[in-house]
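Based on the sequences and whatever the hints tell you, model everything.
4 protein chains.
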Amino acid sequence: MKLGFIGLGAMGAPMARNLLEAGHELAVWNRSPKRVDPLAGAGARQADSPADAASHTRATILMVTNAEAVHEVLFGDKGVVQGLPAGAAVINMGTIGAVATTRIAKTLGELGYRTLDAPVGGSTSVAAAGELNIMVGGDEETFEEFEPVLAAMGEKISHMGEVGSGARMKLINNLIMGANMAVLSEGLALGEGAGIPVEKQLEVILAGSAASGVAQRRSGNLISGSYEPQFKFSHELKDLYYALELGRELEDPLPITAVVSQIYNEGMREHAEDDMSAVAEVYRQRVNARPVQD
Amino acid sequence: MKLGFIGLGAMGAPMARNLLEAGHELAVWNRSPKRVDPLAGAGARQADSPADAASHTRATILMVTNAEAVHEVLFGDKGVVQGLPAGAAVINMGTIGAVATTRIAKTLGELGYRTLDAPVGGSTSVAAAGELNIMVGGDEETFEEFEPVLAAMGEKISHMGEVGSGARMKLINNLIMGANMAVLSEGLALGEGAGIPVEKQLEVILAGSAASGVAQRRSGNLISGSYEPQFKFSHELKDLYYALELGRELEDPLPITAVVSQIYNEGMREHAEDDMSAVAEVYRQRVNARPVQD
Amino acid sequence: MKLGFIGLGAMGAPMARNLLEAGHELAVWNRSPKRVDPLAGAGARQADSPADAASHTRATILMVTNAEAVHEVLFGDKGVVQGLPAGAAVINMGTIGAVATTRIAKTLGELGYRTLDAPVGGSTSVAAAGELNIMVGGDEETFEEFEPVLAAMGEKISHMGEVGSGARMKLINNLIMGANMAVLSEGLALGEGAGIPVEKQLEVILAGSAASGVAQRRSGNLISGSYEPQFKFSHELKDLYYALELGRELEDPLPITAVVSQIYNEGMREHAEDDMSAVAEVYRQRVNARPVQD
Amino acid sequence: MKLGFIGLGAMGAPMARNLLEAGHELAVWNRSPKRVDPLAGAGARQADSPADAASHTRATILMVTNAEAVHEVLFGDKGVVQGLPAGAAVINMGTIGAVATTRIAKTLGELGYRTLDAPVGGSTSVAAAGELNIMVGGDEETFEEFEPVLAAMGEKISHMGEVGSGARMKLINNLIMGANMAVLSEGLALGEGAGIPVEKQLEVILAGSAASGVAQRRSGNLISGSYEPQFKFSHELKDLYYALELGRELEDPLPITAVVSQIYNEGMREHAEDDMSAVAEVYRQRVNARPVQD
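Chains as they are written, first to last, in the working numbering: chain A, 1 to 294; chain B, 1 to 294; chain C, 1 to 294; chain D, 1 to 294.
Calculated from the structure, these hints are not laboratory results.
Bear in mind that the values here come from a model prediction, so they are computed numbers and not experimental data.
Any given hint might turn out to be false.
One copy or two, either will do: identical chains are not told apart, so a pair holds if it fits within one copy or between any two.
Unchecked claim - Straight-line Cα separation of at most 30 Å, DSSO-like style, residue types lysine-lysine; simulated pairs:
#, residue 1, residue 2
1, Lys-34, Lys-78
2, Lys-200, Lys-106
3, Lys-34, Lys-232
4, Lys-232, Lys-200
5, Lys-106, Lys-238
6, Lys-106, Lys-2
7, Lys-200, Lys-156
8, Lys-34, Lys-238
9, Lys-156, Lys-238
10, Lys-156, Lys-232
11, Lys-2, Lys-156
12, Lys-106, Lys-156
13, Lys-78, Lys-2
14, Lys-2, Lys-34
As C-alpha cells, this is what we get:
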C-alpha cells in the first residue's frame with residue numbers, strides 16, 4: 001500500500017523500516033532530515049514536506065512527540081492536509097491525550113479525511129521486532145482496511161472502539177502502570193522501614209499475587225537505585241494528568257490516580273529526567289528508611 | 001522430626017498432610033474435632049489439647065484464624081506453653097498482624113521458647129501441592145533448623161529477617177496486591193466510562209506493562225461481575241488496616257494505602273463476603289458507567 | 001479618573017455603580033447591551049465596543065466570565081487593545097486561573113500596557129456595599145496608582161506581589177474554602193452515621209476550634225438539604241483544578257486538594273448547578289446515613 | 001451534690017475548683033498526691049483511693065489521660081466500682097475514643113451504674129473560666145440530672161444522644177479541626193511556592209470565606225514558625241486515628257481524613273511534641289518554598 005510516514009524518532013524509525021520490509025511503498029519525512037537517510041537507503045522515498053509525504057497515499061502515519069507537533073505537521077505550513085487525497089486516512093500513533101485526539105479527528109473529518117488513533121505500548125527493541133501492542137480507535141471499516149498495515153509493526157492489534165478509544169486506552173494503561181509503580185514503592189518503603197532489604201522483598205513479591213509488570217521490569221532499578229530512563233518520570237506524570245483530564249471530562253472520580261499524581265509531582269524537581277521507577281526515591285526521601293527500633 | 005500442628009482448616013489440613021508425607025511425626029489438634037479424623041487416618045497422633053499436641057515436640061506449628069485464637073491456643077486453658085518442652089519453637093503460620101506477632105514472640109521468649117513467624121501466600125490447591133510461598137521471620141539459627149520442615153509445605157521459603165519480619169512481609173504483600181486491585185478497578189471504570197468494554201481493556205492490559213498478578217487471576221471475576229471469594233474482601237481490608245497500623249508504628253506515611261483502605265471501606269456493606277476483586281463494583285456504583293457523549 | 005468598565009454581570013454592575021458614585025468618569029460595555037441601560041442612567045457613557053470603552057482611559061477594568069472571554073474582549077474584534085492609550089492599565093477582576101493571568105499580562109506588557117490582576121472575594125450584596133475583599137497582583141507603582149480606584153469597590157485591598165499574585169491568592173483562598181467544605185461534610189456524615197443529627201453537630205462545631213467560614217455560612221444549607229447557589233459547585237471544582245494546575249506548574253504537591261477535587265468530581269452529574277455545599281450530598285449518598293447498631 | 005473527682009491535671013484541677021465554687025461537695029483523688037493539696041485547701045475532701053472518692057456520691061467524674069487510665073481507676077485495685085453506690089453515675093470527661101467509651105459504659109451498665117461521656121473542648125484558661133464546650137452522651141434522664149453539675153464547668157453543654165455520642169462528637173470535632181489545619185497548610189505552602197509571604201496570605205484568608213478557627217488561633221505559629229503546643233501534634237494524630245477507627249466500625253468512608261492522617265504521620269518524627277499546627281512544616285519540608293521562576 002502507498003503510505004506516508006512522518007516522525008522518524010527512536011520509535012518511528014524501526015516502525016517505518018518494518019513497513020518497508022512488509023512491502024509497503026513509503027514516503028517519509030522528519031523534522032531533522034538526517035534521520036531520513038537510513039530509511040531512504042532501505043527504499044523509502046524522501047519527501048520534502050509533510051504534504052509531499054502524504055500526497056498520493058491511502059494513509060499517512062504520524063509518530064511525533066506531542067499534540068502541538070501533530071497539529072503542526074497536519075495543519076501547518078505544507079502540512080499533511082495540503083497533500084493527502086480526499087478520503088484517505090491519518091493514522092496517529094503517538095500518545096497525545098484523549099481530548100486532543102478527539103478534537104483533531106473532528107477537524108480531519110470535516111476536511112473529508114478518516115482517522116485512526118493507534119498509540120503503541122512497548123520499547124524501542126519491541127518496535128524493532130515488530131511486536132508492539134497497538135490500541136486502535138476508529139470506525140470498524142477503517143480499522144479493517146488498515147489492520148494489515150498495523151500488523152507489520154505490532155504483534156497485538158486491538159480495536160478498542162470509535163475514534164479516540166485508542167488514545168483513551170493508552171492513558172488507562174499508563175495510569176495503571178504508573179499507579180502500580182507507586183504502590184510498589186510505598187510497600188517497599190514500608191518494608192525497608194521494617195528492616196527488610198528491597199531485594200528480599202522483591203523476591204517474595206515476584207513469586208506471588210502482588211507481582212506486576214513494573215515489579216518485573218523495574219526490579220533492577222529498585223535494587224541498584226539507578227534510574228536509567230526506559231519511560232521517563234515526567235512522561236508518566238504527564239499521562240497521569242491526561243488521565244485526570246479524561247476523568248474530569250467524563251465526570252468519573254479517580255481518587256487513587258489523584259493521590260498518585262501528587263506523589264510523582266513531589267519528585268519532579270529531582271527525577272523529571274529519570275525513569276518513572278524513581279518514584280521509589282520520593283518515598284525513601286520521606287522515610288530515610290531506618291531500622292525498626294524495638 | 002517430632003512436631004505439633006494446631007489448626008486443621010482449609011489451609012492447615014493439607015499443610016499437615018504434607019508434613020506427614022515428608023516423614024515427620026505429627027501430633028494434631030483442632031478446635032472442632034471432626035476435622036482431625038482424616039489426619040489421624042493418615043498417621044497423625046490425635047492430641048486432646050494444644051498442650052498435649054505440643055508435648056515432646058521440637059516445634060509446634062499454628063495455623064489458626066487470628067491473633068485472639070493464637071493467644072488462646074498458646075496461653076489459654078491447656079495451652080501450648082503447658083506442654084511444649086523448654087527451648088522448643090512455636091512456628092506461627094497464620095496472618096495475624098505485625099504488632100501482635102512481635103508481642104507474642106516476646107512473651108514466648110520470656111518463657112524460654114523460640115519463635116518463627118511464617119505466614120504463607122497461596123490458595124488451598126497450592127497448599128495441597130506443597131507449593132506455598134512462605135515468608136519467615138526469626139533468628140538465623142532457628143530458621144535453618146526448621147527450613148526443611150517448612151520445605152515440606154512450600155516451594156519458596158524466604159527468610160526475611162528477625163522475628164516479626166515474616167508477618168510484616170505478608171502485610172506488605174497484601175497491601176500491594178489489594179492496592180493493585182483497586183488501581184486496576186479505577187482504570188477499568190474510567191475505560192468503561194469512555195465506552196470501552198472491560199474484556200477489551202483487560203486483553204490490552206494483560207499484554208503490556210500494566211499487567212499484574214491480580215489482573216491475571218481476577219480477569220474472570222471482572223468480566224463476569226461475579227465474585228466467588230478466593231481471598232475475601234473483608235480480609236483484604238483487614239490486612240490494609242494492619243499495614244496502616246505498621247506504618248503508624250514505624251511512622252512511615254502510606255498515602256495510597258490510606259486512600260485505598262477507604263475505597264474498600266466504602267464497599268464493606270455490600271461486598272464483605274465477596275472476593276476482594278469486588279472493589280471494582282465500588283467504582284461501578286459511583287460511575288454507573290455511561291457511554292461518552294460527544 | 002477616566003476609566004473603562006467591561007462586563008456588567010451580577011458582580012460587575014454594582015462594582016461599576018460604586019465607581020460612578022466615587023466620582024470616576026466611566027465608559028461601560030457589556031456583551032448583552034440591555035444590562036448597560038441602568039448604568040447609563042447613573043451617568044456612565046455607553047461604549048459601542050471594548051475598544052471604544054478603553055479609549056482615552058487611564059485604566060480599563062474587566063469583570064467577565066473566564067479566560068476565553070478576557071482574551072476576546074482584549075484581543076478580539078474591536079478589542080480593548082485597539083482603543084487603550086499606550087501606558088494605560090488593564091485591571092482584570094474576574095477569576096480566570098493563574099496560568100492564563102500570567103500569559104495575558106505578558107502579552108499586554110509586550111504591547112506597552114500595564115496590568116493588575118485583582119480578583120475579588122464576596123457575594124453580590126457585598127459588591128453592592130462596596131465591601132469586597134480584593135487581592136491584587138502587579139508592580140508596586142501601578143498598585144499605588146490604582147489603589148484608590150479599587151477602594152471604591154472594596155473594603156480590603158491587599159497587594160499580594162508581582163503580576164499574577166492576585167490570581168494565585170484567589171485560587172489558594174478557594175482551595176481552602178472548598179476543602180474546608182469537604183472536610184466539614186466528611187465529619188458531619190460520620191456523625192450522622194453515628195446517629196447525631198447534623199444541626200446538633202453544627203452547634204457544637206460552630207462553638208469551638210473546628211469552626212470555619214463555610215460552617216457559618218452554609219449551616220442553613222446543610223440542615224435543610226437545599227443548595228441554592230451562593231457559589232456554584234462547578235465553579236468551586238473549576239478553581240480546585242486551577243489550583244492543581246498551579247501546583248503542577250510550581251511542582252508543589254497538593255495531596256488533599258487532589259483527593260478533594262475527586263470528591264467534587266463525583267458530585268458533578270447531580271450537583272453542578274447547586275451551591276458548592278452540596279458536596280455534603282456526595283457523602284450522604286455514599287453512606288445512606290444509618291443509625292449505629294450496637 | 002455529693003461528687004467524686006478523679007484526675008487533677010492541667011484541665012481537671014480548674015474544673016474541680018469550679019465545682020467547689022458552685023457549692024458541690026467534692027471528694028478528690030489524683031495519682032500524684034501533691035496535686036491534691038490546692039483542692040483540699042479549697043474545701044475538697046482528700047480521698048485515699050478512687051473507691052474512697054466515689055463512695056457515697058451521686059456521680060464520680062473522671063478526667064484522666066487515656067482509655068487505659070480510665071480502666072485502671074474504674075476497675076483496678078481500690079477502683080471506683082468498689083466504692084460507688086448502686087445506681088450512681090460515672091461521668092467521663094477525658095477523650096478516650098468512641099469504641100473504648102462504649103465498651104466501658106457497657107461494663108458499668110452491667111454492674112448497675114449509669115454513664116455519661118462528656119468530653120470537653122477548650123484550653124486550660126477556658127477551663128479556669130468555667131467556659132468549656134461540653135459534648136455529652138447518655139440517656140435523657142441522666143443527662144438532665146447532671147446538666148447543672150456540668151454547667152458549673154462549661155458554658156455550652158450539648159446533649160448529643162445516647163451513651164458514646166459525646167465521645168463521637170469530640171472525635172468529629174477534632175477530625176475537622178485537624179483536617180482544616182492541614183488544608184490551610186497545603187494552601188499556604190502553595191502560596192509560598194508562588195512567592196506570597198504567609199502573613200499576607202493569612203490576612204486575606206482571615207478576611208473571607210476561607211477563614212477558620214485554626215487560621216485564627218494558629219496565625220501566630222504559622223508566621224513565626226514556632227510551635228509551642230496548645231494541642232499536641234501527636235494528640236491530633238491520635239484523634240484522627242480514633243476517627244478512622246470509628247469510620248471503620250460504622251463502615252463510613254473517610255478519604256480526606258485518611259490522607260490527612262498520613263500527612264501528620266509524615267511529621268511525627270520531627271514534630272510529635274510540637275503544636276498540631278507544625279503540620280505546616282511537613283509541607284515546607286516537601287517544597288523548600290522557592291520563588292516562582294518566570
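Hints and how they fare:
| no. | hint | in the structure |
| --- | --- | --- |
| 1 | Lys-34 - Lys-78 | within (19 Å within a copy, 47 Å between copies) |
| 2 | Lys-200 - Lys-106 | between (52 Å within a copy, 24 Å between copies) |
| 3 | Lys-34 - Lys-232 | within (25 Å within a copy, 55 Å between copies) |
| 4 | Lys-232 - Lys-200 | both (26 Å within a copy, 27 Å between copies) |
| 5 | Lys-106 - Lys-238 | both (23 Å within a copy, 25 Å between copies) |
| 6 | Lys-106 - Lys-2 | within (24 Å within a copy, 46 Å between copies) |
| 7 | Lys-200 - Lys-156 | between (34 Å within a copy, 12 Å between copies) |
| 8 | Lys-34 - Lys-238 | within (29 Å within a copy, 45 Å between copies) |
| 9 | Lys-156 - Lys-238 | within (25 Å within a copy, 39 Å between copies) |
| 10 | Lys-156 - Lys-232 | within (24 Å within a copy, 34 Å between copies) |
| 11 | Lys-2 - Lys-156 | within (23 Å within a copy, 55 Å between copies) |
| 12 | Lys-106 - Lys-156 | within (27 Å within a copy, 48 Å between copies) |
| 13 | Lys-78 - Lys-2 | within (20 Å within a copy, 48 Å between copies) |
| 14 | Lys-2 - Lys-34 | within (23 Å within a copy, 60 Å between copies) |
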